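So the sequences go chain by chain: W and E.
With positions in the first sequence counted from 1, the corresponding number in my numbering is that position plus 108.
With positions in the second sequence counted from 1, the corresponding number in my numbering is that position plus 62.
Bear in mind the hints are in silico, worked out from the structure with no lab data behind them.
Do not take every clue at face value.
Unchecked claim - Listed next, the stretches of chain E that the computed footprint assigns to chain W, with coverage defined by at least 3 CB atoms under 8 angstroms from CB atoms of chain W:
1) 423-433
2) 439-447
3) 636-644
All of these numbers come straight from a predicted model, not from anything done at the bench.
All C-beta atoms in this analysis are idealised placements derived from N, C-alpha and C, irrespective of residue type, glycine included.
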Amino acid sequence: MSPRRKRMVVIGLLVLGMGLATALILRAFNQNLMYFYSTSDVVAGKAPSARDFRIGGLVVNGSLKRLPNSLTVNFVLSDLKKEVTVTYTGILPDLFREGQGIVANGQLGADGVFIAREVLAKHDENYMPPEVAASLKHKPDATLTR
Amino acid sequence: MIAEIGLFLMSLALALALVQVVFPAVGLVTQQGLWLGYARPAAQAQFACLLGAFLALVYAFLSNDFSLAYVAQNSNSALPWMYRMSAVWGAHEGSILLWSAILAGWTFAVSLRVHRLPADVGAVVLAVMGAVSVAFLLFVLFTSNPFARGLPSPSDGADLNPLLQDPGLIIHPPMLYMGYVGFSVPFAFAVAALVCGRLTPGWARWARPWTLTAWTFLTLGIALGSWWAYYELGWGGWWFWDPVENASFMPWLLGTALIHSLSVTDKRGTFKSWTVLLAIGAFSLSLLGTFLVRSGVLTSVHAFATDPARGVFVLSILGVAVGGSLLLYAWRGPKVLSGGTYSTVSRETFLLANSLLLTVSTATILLGTLYPLLVDALGLGKISVGPPYFNLVFGLLMAPLAIALGLGQFARWREDQLPRLWRGARYSAGAALVVGLVIGILVDGPQRLTAAAGLTLAAWILFTTAMGVRERLVGRASLSAALGALPRAFYGQCLAHTGFALAIIGVCLTTALSTEQHARMAPGDAVSLGAYEFRFEALKQVQGPNFQASEARFTVWHDGQQVDELHPQKRIYTVRNQPMTEAGISPGLSGDLYVSLGEPLDGQAWSVRVSFKAWVRFVWLGALLMAGGGLLALRDRRYQNATSPAASDAALAQG
Chain W
109 MSPRRKRMVV
119 IGLLVLGMGL
129 ATALILRAFN
139 QNLMYFYSTS
149 DVVAGKAPSA
159 RDFRIGGLVV
169 NGSLKRLPNS
179 LTVNFVLSDL
189 KKEVTVTYTG
199 ILPDLFREGQ
209 GIVANGQLGA
219 DGVFIAREVL
229 AKHDENYMPP
239 EVAASLKHKP
249 DATLTR
Chain E
63 MIAEIGLFLM
73 SLALALALVQ
83 VVFPAVGLVT
93 QQGLWLGYAR
103 PAAQAQFACL
113 LGAFLALVYA
123 FLSNDFSLAY
133 VAQNSNSALP
143 WMYRMSAVWG
153 AHEGSILLWS
163 AILAGWTFAV
173 SLRVHRLPAD
183 VGAVVLAVMG
193 AVSVAFLLFV
203 LFTSNPFARG
213 LPSPSDGADL
223 NPLLQDPGLI
233 IHPPMLYMGY
243 VGFSVPFAFA
253 VAALVCGRLT
263 PGWARWARPW
273 TLTAWTFLTL
283 GIALGSWWAY
293 YELGWGGWWF
303 WDPVENASFM
313 PWLLGTALIH
323 SLSVTDKRGT
333 FKSWTVLLAI
343 GAFSLSLLGT
353 FLVRSGVLTS
363 VHAFATDPAR
373 GVFVLSILGV
383 AVGGSLLLYA
393 WRGPKVLSGG
403 TYSTVSRETF
413 LLANSLLLTV
423 STATILLGTL
433 YPLLVDALGL
443 GKISVGPPYF
453 NLVFGLLMAP
463 LAIALGLGQF
473 ARWREDQLPR
483 LWRGARYSAG
493 AALVVGLVIG
503 ILVDGPQRLT
513 AAAGLTLAAW
523 ILFTTAMGVR
533 ERLVGRASLS
543 AALGALPRAF
553 YGQCLAHTGF
563 ALAIIGVCLT
573 TALSTEQHAR
583 MAPGDAVSLG
593 AYEFRFEALK
603 QVQGPNFQAS
613 EARFTVWHDG
623 QQVDELHPQK
633 RIYTVRNQPM
643 TEAGISPGLS
653 GDLYVSLGEP
663 LDGQAWSVRV
673 SFKAWVRFVW
683 LGALLMAGGG
693 LLALRDRRYQ
703 NATSPAASDA
713 ALAQG
């Protein structure tokens, strides 16, 4: 092969490789996108059933219950309109408190209870997860209905 | 009073930075050398002013001057003095001042050596850095003045976020900024080369040590951040693919491509356009990182709306810098950038392949970081991109990179033959596959493939590096003389590549072999984790300078022998009433024992996290070696002998 031909082959292989890589990357990207749903969305059945998603809301005061002799906790999340029960086994983050806004990753169980794999509370006590803030803000009449 | 002095010095620095930009520009347009000369003293005076302003803020913190709103929000009289000092860069305003001061420091360093450059190139380099400085000083003065008074001034401050009260966090941000901002030097060099229409290998030799220094700082900064997250966040994660981490990782990846591409431009005179693009890209990503972290888009898209000035400001800086330099590149590039040929099989090809791979990795991380922001900004919903995406894609891209790295160390410049490469590399390849196979047999669990593949690649890099050293020594009469004759840059390269291999080992093994258990434990209880047994012995209350803590005493047993004692704490910082987990860690080369307290349950019981973090130290050890390689390469005679670029270009033309 002439050097020119050779170089064309290499460039061709490179382009092919890059194309394949791009396709794989976008596939992985799509599979790992996690969508956020407010508690009202979940109650309304908008959330997927067989896929991980994020849920967020305020932890309802007095709703935190620990199962005896285990690390399982149940608590209720609310966007001041609809409520969803969340169950989580493990260690809660330092800033998890009742009345605070949190976000959880996980799946929705058949009984409508959200099974959290991870619970996130940001490292600032005044912090409100932006998703939660938005889900509260879009319901101006929320405080009245409760 | 100190606040007024600081503010005055900042304003003066802005004026000097303007001189640093405008005078060389006038000189360049009117072709008057005298005007070019003003850039140097202006840059040096600007540095003096910003250093003064920064020290004024440090003084305000150390003397507990709570009349300054920024001090009141981020410090407290009960805070130990060294945290009062690091609180200077604990939040937005001070960080940006530190950013500007470090930029002025880099400019000062450049100004000391700029006389070795042609007058016009040197002046443009300083002018470009001055322009960046003008932008950031305007930003500080108009949107984030750290010297603003708060009325009424409180009697005591609101304290520094307890997470930041840590020795690691004292040096992490300055290191990171040294790296970020340091990339402004190759950026300024790239712009100067385009403006002046001259891009010679001597230019690359000039830009190399600066880039290498910045890269070394950034490496250390990122490693420090990872180490801090590991021991301070209380759950032993060392990398989260968090947008803030990605913001620092992206310039590092492009910076890595840049130092390699620069070396090719320096030695062979090729890759010029690619080098210039990478220099522009690395600094643009540094600016993007600053924007992401400092504008508030990340913690909350809505903070962007509440203080649009800040975000819009940094975004405009970013737009002008990226857009302007790319425009310049398109306009002047074709004139400046040409030269050098190399064949398909050559060291250049492998270096180019890795440059591309690093760029693609940067692009995938950029996609995962910015896409959620974009979707949110367009009102299409709220999404996040999970770590599995980053792990998978990044891991897949690192494999060909490691292979090309090994081959590149063997390959000759300009032209090489595949059979020769194969003869050099076949033993390394065979040995690496054996290592991978053994690991694949030994390691069990879902991550077996990760461990086997990772170790194969790491072994391949280590073996080829060793063979590369051997190749340079074969046939030499005296081994010690031959070793001494090797350039320091070569040793630096070997050390950094060894570090990369160790980091791969650390990342893959800690992913595959670490174990963790969450348990409900009361004093007297024990849990087993593999061959280790963790016993919760006792609990006591501890009083710190500005916190109260519950401290547990754990003993760790192995084969009936006590091997260690750990003291994890759960602290409550009194001023903010904020809880903090202080993990108990026993470090070891093959793995750390890690215990952290969750929360108090009924009675004396606590939720407890016990884990064995296998080989995690290798991650940071690898990063340290990479930084060490950078330092060693900086000591190379190539940069020590103060030949002017013109002289080295002449030498290259002859040789």
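(request) Tell me, in ascending order, the numbers of any earlier hints that this structure violates. (result) none
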